[in-house]
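Asker: Chains E and B are the protein sequences, given in the same order. Numbering (our numbering) for the first sequence: 1 to 170. Numbering (our numbering) for the second sequence: 1001 to 1334.
Hints are supplied without guarantee of correctness; some may be wrong.
[To be verified] Which stretches of chain E does chain B cover? Using the computed rule of at least three CB atoms under 8 Å from a CB of chain B, they are:
hint : region
1    : 17-27
2    : 43-57
3    : 127-134
[What the hints assert, rightly or not] Each pair of labels, with its calculated beta carbon distance range:
hint : chain 1 : residue 1 : chain 2 : residue 2 : range
4    : E       : R51       : B       : H1313     : 42 to 48 Å
5    : E       : E8        : B       : H1313     : 40 to 46 Å
6    : E       : H32       : B       : G1155     : 29 to 35 Å
7    : B       : E1193     : E       : E125      : 41 to 47 Å
8    : B       : V1164     : E       : E57       : 45 to 51 Å
9    : B       : A1199     : E       : A19       : 56 to 62 Å
10   : B       : R1136     : E       : A15       : 53 to 59 Å
11   : E       : A19       : B       : A1211     : 44 to 50 Å
12   : E       : E125      : B       : L1092     : 30 to 36 Å
It is worth saying that the hints were derived from the structure and are not from the lab. None of these values were measured; they are calculated from a predicted model. Here a beta-carbon is modelled for each residue, glycine too, at the ideal position from N, C-alpha and C.
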Amino acid sequence: MDDSARTEFAGFAAARSGALIRVAYVLTGDQHAAEDLLQTALTKAAARWGRIHTAPEAYVRQVMYREQVSWWRRRARHRETTMAELPDRASAVPDISAETRLSVQQALRALPPGKRAVLVLRYFEDLPEAQVASILGCSVGTVRSQTHKALTQLRSALASAGLTSTEVRS
Amino acid sequence: MSNPDQQIKTALQDLADEAGPPRIEVDDAWRTGRRRTRFATITSAVAVATAISAGLLTVLPGARNAHEHTIRTVAYVLDRAARTAGRSGQPLPHSGQYIAVTSLARSMTEEMSGSQAARAWLTLERRKIWWSVSNRKPGLGWYDAVRNDRLPWSGPGATTPLGVSWLPIPAQGCADAPPVRFTYQFLTTLPTEPAKLRAWIYSHKDGGQSADDQAWTDISDLLGTMLTPPRLTAALFRVAATIPGATVVPHVTDAAGRSGVAVARVIQGATQNDELIFNTSTYRLLGGRTELNVSEPGLGPPGTVIQAWALLHKTVVSHLPRHAHGHGRTASHC
């Protein structure tokens, strides 16, 4: 029984880790932290394999999101200072799509993990607010307020990088 | 924002593309997880020790890893890098503007005693360099030395002072002006047909290095220092693919800790390995590093990293920043 479960678990991990590491990476922004997060989630999945083996991926994703938010809570008082950026303004050049993409990415990296988790669930996973709330174990109201705060912070970071809302194009 | 949802989605997808193949200990996850279920009262320290003693590292053959198995040749990696570079929609600078390049670098300082290093250390530095597009105006460099790490076989003693420094970059025609090839405007005049570009690169030899070594170093310097037009960048990768002696190194980390795949080439009479590091999924250039190929007294054993850099951001700005030492908009011609 345990051998077949172990084979099933290994098969799941082999098949889905490529996709799961992407989620872990956008949550953490760091390869090693992403691997740690995925390893932790897989360990928890192994512990509950008998109950979750019919839908293991949803469980692993939920563990990763909740772990990430809890890391954020634990680390809140010890957060590292982010890299100081020098004041300069982006030029009005004909094609700013690459610059915009980089600026949005940089602003995303600067978000606290909790807010980033909400944005990842809403915009990377394309999940509705109710499902985001269920995964993070909070209310829909909290998801809304966190999303609003994250977007405000993102816009403010983009504005200070010289990209106003009208200059930013997809 | 015209379509903020799409911008955030695209940025998150781009970020996800930077993820390397997962290195996960599947057996360890299984054993540790199951052990927790069965023997919940055993302390975690004992459980971890048991798992480690029987541990087996498994690299997952997941989707990305399967893809990684196709990375076999230098030609493949550099072709993918060329195609990525050729597609990039980067800013188009015009005369009078500046290319601002933000990077992280670990550079070596050696204090010599006779023919060998008495002291040698790597300084981790954050850098932002503003290069004048035409080189008719001075540029500016911001350097923030944040840490010194002594090389393994170095003697104790002096290191580089930490902190911020600003250095002007003299304009064309001034003493100590950078080579003309570090001018964006000049780069736009170079051929983008690989054979012609190769001929141009090989026709410029300063001496001291073999022609192949110099071509490799010139390409590496250019890609790591400047914003290059997309078609030129693609051509540079295609020329690099023709330089003999390069190999692929599957798992390498750049100065910013990002992992990737490297194309490495021995230089300096085969005593050093010079690597260009690429994102494993997108093949965007991340950075580079140089490591020792042989033991070097005063420095370290083979594998010791003696230089590394990571590109963080390249953009175009209209003005130099104002700073404490009076450079910036008021900087004189030289």
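Asker: That 30 to 36 Å hint for E/E125 and B/L1092 (C-beta), does it hold up?
Answerer: holds (35 Å)
Asker: Is 41 to 47 Å respected by the C-beta to C-beta distance linking B/E1193 and E/E125?
Answerer: holds (44 Å)
Asker: Is 44 to 50 Å respected by the C-beta to C-beta distance linking E/A19 and B/A1211?
Answerer: holds (46 Å)
Asker: Within the assertion that chain B covers the region 43-57 of chain E, do at least three residues meet a Cβ-to-Cβ distance smaller than 8 Å?
Answerer: holds (count 7)
Asker: Can you tell me whether the CB distance of B/A1199 to E/A19 sits inside 56 to 62 Å?
Answerer: violated (45 Å)
Asker: Three residues minimum, CB to CB under 8 Å: does the region 17-27 of chain E make the cut for coverage by chain B? Let me know.
Answerer: holds (count 10)
Asker: Take the C-beta atom of E/E8 and the C-beta atom of B/H1313, compute their distance, and say whether it sits inside 40 to 46 Å.
Answerer: holds (44 Å)
Asker: Is 53 to 59 Å respected by the C-beta to C-beta distance linking B/R1136 and E/A15?
Answerer: Holds - the Cβ-Cβ distance for B/R1136 and E/A15, about 57 Å, lies within 53 to 59 Å.
Asker: Could one say that the CB atoms of B/V1164 and E/E57 fall in the range 45 to 51 Å?
Answerer: Holds, since B/V1164 and E/E57 (Cβ atoms, about 47 Å apart) stay within the stated range.
Asker: Has the hinted range 42 to 48 Å been met by the Cβ atoms of E/R51 and B/H1313?
Answerer: For E/R51 and B/H1313 the Cβ distance comes to about 46 Å; the hint holds.
Asker: Can the suggested window of 29 to 35 Å be confirmed for the beta-carbon pair E/H32 and B/G1155?
Answerer: holds (32 Å)
Asker: Has the region 127-134 of chain E got at least three residues whose CB is nearer than 8 Å to a CB belonging to chain B?
Answerer: Coverage by chain B is violated for the region 127-134 of chain E (0 residues, Cβ < 8 Å).
Comparing the model with each earlier hint shows violations of hints 3, 9; every other hint is respected.
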